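J.: These are the residues of each chain, in order.
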Amino acid sequence: MAEVIRFDRVSKRYPPGLDALSDVSFEVAEREMVLVSGHSGAGKSTLLKLIAAVEKSTGGAVLVGGQNVGGLARSTLPYFRRRIGMVFQDQKLLFDRNVFENVLLPLSITGFSPKEAAQRVRAALDKVGLASREKALPVMLSGGEQQRLAIARAVVGRPNLLLADEPTAHLDADTAADVARIFHEFNHVGVTVLIATYAGELFPGARRLRLDHGKLLP
Amino acid sequence: MMVWLDQHRAAARLAMRRLSAAPLNSLLYLLAIGVALALPAGGQMLLANALSLAGATSAAPQISIFMASGADRGMAAEIESRLKKRSDVKRIQFLPREETLARMKTSPGLREVIEALPANPFPDAFVLTAADERPEVMEQLAVEFRQWPRVEHVQLDSAWVRRLDALLKLGRTAVLVLGALLSAGLIAISFSIIRMQVLTHRTEIEVSRLLGATDSFIRRPFLYYGLLLGLGGGIVAWLVVGAAALWLRAPLGELVRLYDLTLVLQSLDARDSALLLAFAAGLGWLGALISLRQHLRQN
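The listed protein sequences correspond, in order, to chains A and B. My numbering applies: residue 1 is where the first sequence begins, and numbers increase by one. My numbering applies: residue 219 is where the second sequence begins, and numbers increase by one.
Bear in mind the hints are in silico, worked out from the structure with no lab data behind them. Note that this is a predicted model, so its numbers are computed, not measured. Glycine included, C-beta positions come from ideal geometry on N, C-alpha and C. Be a bit skeptical, because a hint or two may be false.
[Unchecked claim] Derived CB-CB ranges, DEER-like:
#, chain 1, residue 1, chain 2, residue 2, range
1, A, T58, B, L514, 21 to 27 Å
2, B, S238, A, Q119, 57 to 63 Å
3, B, P241, A, E201, 49 to 55 Å
4, B, D433, A, P15, 23 to 29 Å
5, A, E30, B, L249, 56 to 62 Å
6, A, A118, B, A268, 53 to 59 Å
7, B, L399, A, G41, 54 to 60 Å
[Said to hold, decoys possible] Only some residues are given here: those of chain B computed to face chain A with a beta carbon under 10 Å:
#, residue
8, W222
9, D224
10, R291
11, H419
12, E424
13, G430
14, D433
Taking the hints into account, I'd like the entire structure generated from these sequences.
T.: Have a look at this one:
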C-alpha cells in the first residue's frame, strides 16, 4: 500500500534546548490505523503537530503524501491542511456557534456550496450520533458529545488522513469506547488514522508506535 | 464565482451578527465614528451653501463707471458705444440716474433723506463685466476708463470677490485638514475596535487556520465588520449633519436676510451624501485591514 506519512530522522527541539523528538523515523501506510503512545511529555502531540505542519521540525524530514511538510510555503499551507482531519486534544470547538455551524466551518473554508455543505454536515453529524443536536451550543453537550462533535468537524471534509490527539482523554469508559468505535469505522472505510493516546486498549488491531522522552522505542 | 459570492455573503452575515451581538458597544462605536465624521461633513455642507450663496450674489467681478454729474444722456450713449466696440468687455448694463433714484427710494431709511434733496444726486452709470476676470486685467481696464472724458469715477468691485474667494479657499482648506485629521482618527478607532474583535475571536482564528483557512478567509468577516462600522458611522454623521442643517436653517436664514440675501440651508446633496457614506465605509475597512495585517503577520 502507498505510504501516507514518512518520518525520516526527525527531531524537534524547543528553545532553550528541550528535545521533544529525537531522530524519529517511521512510516504509515494508506488505510492503516496507528497509535502513538507514551507517557505525558513523550512527544506524542509534537509528532502530530509536525504532521499537520503546525510546527516545523528542527532536523530530518516529515513527508505527508510524498510532500515535505517542512518545505511548505505559507501560502500553500492552508491547502495542505484541508487534506487532513484533526481532532485536537482540547477540541478547539467554537462556543459561540452551534453544533451545525462548528461542523460547517471546514466546508465554508474549502468553499462548498451552502446546499452541499449542509448535506455533508448532516451526514457527518449522523455518523457520530449528533444529528438531533445540530442546533445545540457546544456548552450544552456532554464531554463525549463534544468529542464526537470534534470528530464530525474533522471528518466532514472527507480527509484521507485523520489525526487525533488524546481523543478519549477525560471520558468515561463507555463514552471512550464509543468514540474509539467511530475512529474504527472511519478506518474501515479507508481513512488512514493516526491517534496519539495512552488508552491503547480501546483500539485493538492498530499498529503501535511507542515514544519515550522523544525517542521512538523499537 | 458562486463560491466566492457565498463566502462573502457568509462573512458579511457573520460581521452583522457580531455587530448585533453587543448592541450597546456597537452603538457607542457608531456614535464615536459618526460624531468624528460629522465635523468635516458639516463643514462641507456649510461650504457648499456658502458657494451657492456666492454664486447667487454674482461672484463675477464687476467694474462700475459713474458719469460726471453734468453729463447728459448723449455723452452716456457715446460711452456706451465705445464700450460696446471693445472685445475685452463682456457685458454692459446701463443704469440711468432716474432708475437709481427710484431704487434708492425703496431702501428703508433712505427715502426721507432722498426726498429732502432738491435734485437727483445720482449720476448715470454703467456696470460691466470683463471678458478676462483676472484682477490685474480688471485693474488695467479701470485705469483706462478713468481717462475717458466725462467719467467721474470708476469703481472696481473685485476686492470683495477676492475676499470671499479667499475665505472660501480657507474654508475648503480647513474642511480638508479637519477631514484628513478625523479620517486618521477614524482609521485609528476602526483599528482598535478590530484589534479587540481579533482578540475576542482569537480561538476562532486559530481553529480556522488549523482547518486550512487562508489569510483572506480569516480577514474577510473582520473587513466587513470594519466596513459596516464605517458605513454605520457615516449614516450617523449624515443624520447629525441633516439635523444640524434643519436646526440652523431658520437662524441662518434670518442672518443672511439682514444682508439682503436669501439662503435656505441645504443638507448634503445626493453626491456628497454618497461620498460621505463611501468614504466612511472605506475608512472603516482600511482600519480593519491594517489591524488584521498586523495581527496575521505577527501570528
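J.: Each of the hints needs a verdict: does it hold here or not?
T.: Going through the hints against the structure:
Taking the beta carbon of each, T58/A and L514/B are about 24 Å apart, inside 21 to 27 Å as hinted. Range check, S238/B to Q119/A: Cβ separation about 29 Å, and the 57 to 63 Å hint is violated. Distance hint for P241/B and E201/A: a CB-CB separation of about 52 Å, consistent with the stated range 49 to 55 Å. Checking the proposed 23 to 29 Å range against D433/B and P15/A shows it holds: the Cβ atoms sit about 26 Å from each other.
Take E30/A and L249/B: their Cβ atoms lie about 59 Å apart, and the range 56 to 62 Å holds. Between A118/A and A268/B the Cβ separation comes to about 58 Å, which falls inside the hinted range of 53 to 59 Å. Range check, L399/B to G41/A: Cβ separation about 55 Å, and the 54 to 60 Å hint holds. Nearest Cβ of chain A to the Cβ of W222/B: about 8 Å, under the 10 Å cut. The hint holds.
Hint status for D224/B relative to chain A: holds, with the closest Cβ pair at about 6 Å, below 10 Å. A least Cβ separation of about 87 Å between R291/B and chain A goes past the 10 Å threshold, and the interface hint is therefore violated. Hint status for H419/B relative to chain A: holds, with the closest Cβ pair at about 9 Å, below 10 Å. Below 10 Å, beta-carbon pairs count as interface contacts, and E424/B has one with chain A at about 7 Å; its hint therefore holds.
Annotation: G430/B was flagged as interfacial toward chain A, and the flag holds, the nearest CB pair being 4 Å apart, inside 10 Å. Of the supplied interface hints, the one on D433/B holds, with its beta-carbon coming within about 8 Å of a beta-carbon of chain A, less than 10 Å.
Of the numbered hints stated above, those contradicted by the structure are hints 2 and 10, listed in ascending order.
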